[in-house]
Amino acid sequence: MESNEIREHFPIFKRFGREGIVYLDNAATTQKPTEVIEAVVDFYTNYCSNVHRGVYRLGEEATEKFNKARENIGNFIGAKDNEIVFVRNTTEALNLLANSLGSKLGEGDEIILSNSEHHSNIVPWQMLRERKNVKIKFINSKHTETIKPDDVADLITKKTRIVSLTACSNILGNINDMKEITNVVHDSGAIMIVDGAQSVPHMPVKVKDIGCDYLAFSGHKMLGPTGIGCLFGREESLENLPPFLGGGEMIRTVTKEGFTCEEIPLRFEAGTPNIEGAIGLSAAVNFLKRIGMENVRQHEKELITYTMKQEEENNIKGLVSYGTRNMDRRAGIYAFNIGEIPKFDRENLSDGNISLKVQAIHPHDLSSVADRTYGVELRSGHHCAMPMIQDLGVTAATRASFYVYNSRDDVDRLFDAIKASVKRFGL
Amino acid sequence: MESNEIREHFPIFKRFGREGIVYLDNAATTQKPTEVIEAVVDFYTNYCSNVHRGVYRLGEEATEKFNKARENIGNFIGAKDNEIVFVRNTTEALNLLANSLGSKLGEGDEIILSNSEHHSNIVPWQMLRERKNVKIKFINSKHTETIKPDDVADLITKKTRIVSLTACSNILGNINDMKEITNVVHDSGAIMIVDGAQSVPHMPVKVKDIGCDYLAFSGHKMLGPTGIGCLFGREESLENLPPFLGGGEMIRTVTKEGFTCEEIPLRFEAGTPNIEGAIGLSAAVNFLKRIGMENVRQHEKELITYTMKQEEENNIKGLVSYGTRNMDRRAGIYAFNIGEIPKFDRENLSDGNISLKVQAIHPHDLSSVADRTYGVELRSGHHCAMPMIQDLGVTAATRASFYVYNSRDDVDRLFDAIKASVKRFGL
Amino acid sequence: MTDDEYINSEILDEHFRTPRNFGVLKDCTVEIIESNPTCGDTIVVDLKINGETIEDVKYITRGCSISTAAASMLSETIIGKTLKEVENLSKAEVLSNIGLRLGPARERCALISYDAVQKGIKKHLKGGKEAEHF
Amino acid sequence: MTDDEYINSEILDEHFRTPRNFGVLKDCTVEIIESNPTCGDTIVVDLKINGETIEDVKYITRGCSISTAAASMLSETIIGKTLKEVENLSKAEVLSNIGLRLGPARERCALISYDAVQKGIKKHLKGGKEAEHF
Ligand SMILES: Cc1ncc(COP(=O)(O)O)c(C=O)c1O
Ligand SMILES: Cc1ncc(COP(=O)(O)O)c(C=O)c1O
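Protein chains in written order, with my numbering: chain A, 1 to 427; chain B, 1001 to 1427; chain C, 2001 to 2134; chain D, 3001 to 3134.
With the rest of the complex left out, here is chain A (with noise of 0.2 Å):
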């Protein structure tokens, strides 16, 4: 299919129409196609039940296709499906680790991030050294630079436990290598998890591939719903994770005395679970297989090697672009400034050292103008990343990120409504 041909699932696109809409924002979340709609109006209207208990008909309905759902998007990434947790996002099962693999670290023991994670692969093991006063090292790498398997090992002891990376900037774009990674770590013992959250929806991802002993990703930012994820972890690894939530549906007994735990998936799912979710999921996984994800990969490719193109060509006076250069290893995320606000540095800011006129435009502003001007939809701010933000020695960026849906078209749009924000609020 092509970009165009893809656009005609998007109701949204329908409503807002050719020009009306470019929505660039894609990194953050996802528009839907009327599969997924469908999907989830399906369960509503159809066979709207409880899953796993029911013995009758709407009942077995829900929980077939809730179990198909599992095994399918297991299947995407290679997966058997009681390899498959389902959770709310990508932020939930990185905690859901933190929680359950640090119940097993000690003082001392070490986890390596690097300072181009998100938030949510940041603060919960930050959490976690408050509780256990495990360490936490960074690897630090120059925005330009994916992470290299040596800088894991440079930071590898003999107490490190857990290394927990991004396979993909949310902010750079930047690919990283996580089978080379991924062996770099086994060889030294400790656990692999990735962030599957940019990866996942935008390349082919195969766990047996990479190795990795856990790996999460969020619906929402792959066509599907919002409120489902999933943590995927070796068959061998979930049955040795302690369980992290309590309650219905996990358990297999429970007395006043104590409670006994029920096979993997399904201990780590308390309660009920969003059942529409899953399945709408399932059928977003659906529509990005029939697109093949080789396809979608070299399609969002295509669009930031145009996207560097334009910026050459238009050569913006100030705009500076992070992320590495080559393309190989670049997802369709596009971060930049008109002009670096530098970062706020109490220190620096005594009398002398006010200077008011900082030569840049404020991300909220070029996102305001590009919004109000040629419908461009982009995200502007810390994006999560904070840590890489001071790292890159400022104090927000504004992003473009690409999907299957976007086209040219909509790169020189960007371009067209960078260019109405100098206009408006250039120095």
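BS3-like, lysine-lysine: derived pairs with alpha carbons at most 27 Å apart:
id	chain 1	residue 1	chain 2	residue 2
1	A	Lys256	B	Lys1142
2	B	Lys1256	A	Lys159
3	D	Lys3119	B	Lys1080
4	A	Lys256	B	Lys1159
5	A	Lys104	B	Lys1104
6	B	Lys1256	A	Lys343
7	C	Lys2026	B	Lys1343
8	A	Lys256	B	Lys1343
9	C	Lys2119	A	Lys80
10	A	Lys148	B	Lys1256
11	D	Lys3123	B	Lys1080
12	B	Lys1179	A	Lys256
13	C	Lys2084	A	Lys80
14	B	Lys1080	D	Lys3084
15	C	Lys2119	C	Lys2026
16	B	Lys1132	A	Lys132
17	C	Lys2048	C	Lys2122
18	A	Lys104	B	Lys1256
19	D	Lys3091	B	Lys1080
20	A	Lys132	B	Lys1135
21	A	Lys158	B	Lys1256
22	B	Lys1135	A	Lys256
23	A	Lys343	D	Lys3026
24	A	Lys179	B	Lys1256
What follows is a list of derived Cβ distance ranges for each label pair:
id	chain 1	residue 1	chain 2	residue 2	range
25	D	Lys3091	B	Asn1295	36 to 42 Å
26	B	Val1320	C	Lys2026	33 to 39 Å
27	B	Asn1315	C	Gly2099	33 to 39 Å
28	A	Asp42	B	Pro1342	38 to 44 Å
29	B	Arg1290	D	Arg3101	28 to 34 Å
30	B	Pro1204	A	Thr157	58 to 64 Å
31	A	Asp328	B	Glu1064	39 to 45 Å
32	C	Gly2099	B	Pro1342	26 to 32 Å
33	B	Glu1002	C	Ser2096	47 to 53 Å
Here are some of the chain B residues that sit facing chain C, going by a computed Cβ distance under 10 Å:
id	residue
34	Pro1342
35	Lys1343
36	Ala1360
37	His1362
38	His1364
39	Asp1365
40	Leu1366
By construction, these hints were calculated from the structure, which means they are not laboratory data.
In this text, a Cβ means the ideal position worked out from N, Cα and C, and glycines have one as well.
Guided by the hints, dock chains B, C and D with the ligands onto chain A, whose structure is given.
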């Protein structure tokens, strides 16, 4: 609205027709009216975007609708919007509390629960006990009795920190007087948590009336989507509650060294929330408001009273039912058995003692026959309340549970279905 | 499962009302207690294993018609078989023996005895003898 | 906010390009550092309070046009006012001074200086003097 008129709003009943289906598993999950389905589809079609940060029009609309949903749901239970935390379900809300309140407890601190709690109000506390060596005490009420303030007072000691009780048992239908119980608990200085999974959907509930510190409920049990639920916490209580999950949205700043938290309620909502879930639940609340919660309660009280009458008139051999006979304190929940299969007891199962021919119909068989003969959808099993099932001395029970769209005809069909199962499996 | 199958199945009735090999094996080699989380049913399975062969099986259950009938049929299937043969028995075969199309919840009822037997063999091979308590 | 309002607002431009009372107050009574979680902007507000009156205000921000202009307008509003008067100033008034219809995210930009000032007054009343570090 009459139940017939109400049914018109539910596409699933149109699809199956009056004769096709009698849905009586409402304590597990409820059907969804067109209004809820349309609210969800509207999000996908007209303003699909992530919330909180977008400064473009879709993002602003999504954020506004999401915030309005929170306000509306809060208003429904008499709470301010910042007192409503969005979670997946009741189970997650109770786990959040067991973790966040639990982090402040120490060895020997006491928690009071009851024998009619759902597993999701037992297992999280048992998991806390594993971590912290706290003590759990159970109120052991007879199934014919609601929980009385004195039952709680009897167990309270100087070490009691938390009392967590269901406002309405999901197996007995007993409605406990949470206001009086809360008074007793607060007099002792302990924290009062109410499991509102079966009360908020079925009767007027105002948190200021009850006076409790926390209240948990699930959207899918009150005409809303799955994957969305709420934890209400009094402003002062939430302000002092440590965060649970870490990640995006719940932070104010993140550096490699540490993080600071957002204000309540966002502090407790890490990662992308279930946006359409919240919006759908708000539409469900509007639907319930139109009916009026007094009317909902009155309708269900009439149905359960009628059920008692039918039970008497049909006089089915071996039928035993559970729960209080005081209809003022009884929700629309009817758990019963045709003959009681005794609970499993290894000691009693020596060769001499084996009596195969238990004079009983297994609840699974009853449910299957009810479904296949009269399209009556019942739940059978332990209803995620094994301790109460154990105290009833049985292996399982069958349960019918009513909601706004059920009618006396449905109760008649229930008894037809029971009689059909006696015909098929009666011994 | 169509109405007819379930409501009228004679084989189901047969095995449910007069289950074969019901009871306790005093001289069992291995005993397994397995419970069905769907409804809290519990089954006790006693296996008498001699070398490579399952010489005898008895079980106690107060489960539903399907779990009782499935246990009864399974007991008839496995007596006299080798451990390997029983280990190779697939869920699909067990379900097809019962001959009813079952939904996911009732399938669990039909397979609880199968799960217990498989666990029993594993336990035996590991040298375990004592009963597992829950 | 319509296109015209935001794109052409003269008052926004005025205050953004030449913000009033920008800078540091060496002899401030209380200083507050507030950050906007939406985009990581940070504002430092210095208040000089004499008895019941706010005698002077200065602030530093490198936020967007709206947060800068809002801080500028707010500083003009509160100089010379009593603490009570400022405490009674509502968010709605501040937003209406700016005169643009703002979405929820930009509203936070417009209110960061307001939040800082309110916190500053609270801190002053509690007797706090040192700067709050983040
Ligand atoms: C009293 C009670 N508490 C808690 C729950 C758990 O609800 P959920 O599965 O939505 O978390 C239920 C649902 O069955 C319930 O009835
Ligand atoms: C790399 C990465 N990790 C984690 C997340 C968090 O995803 P969610 O909000 O769905 O939990 C995101 C989303 O922005 C992301 O880009």
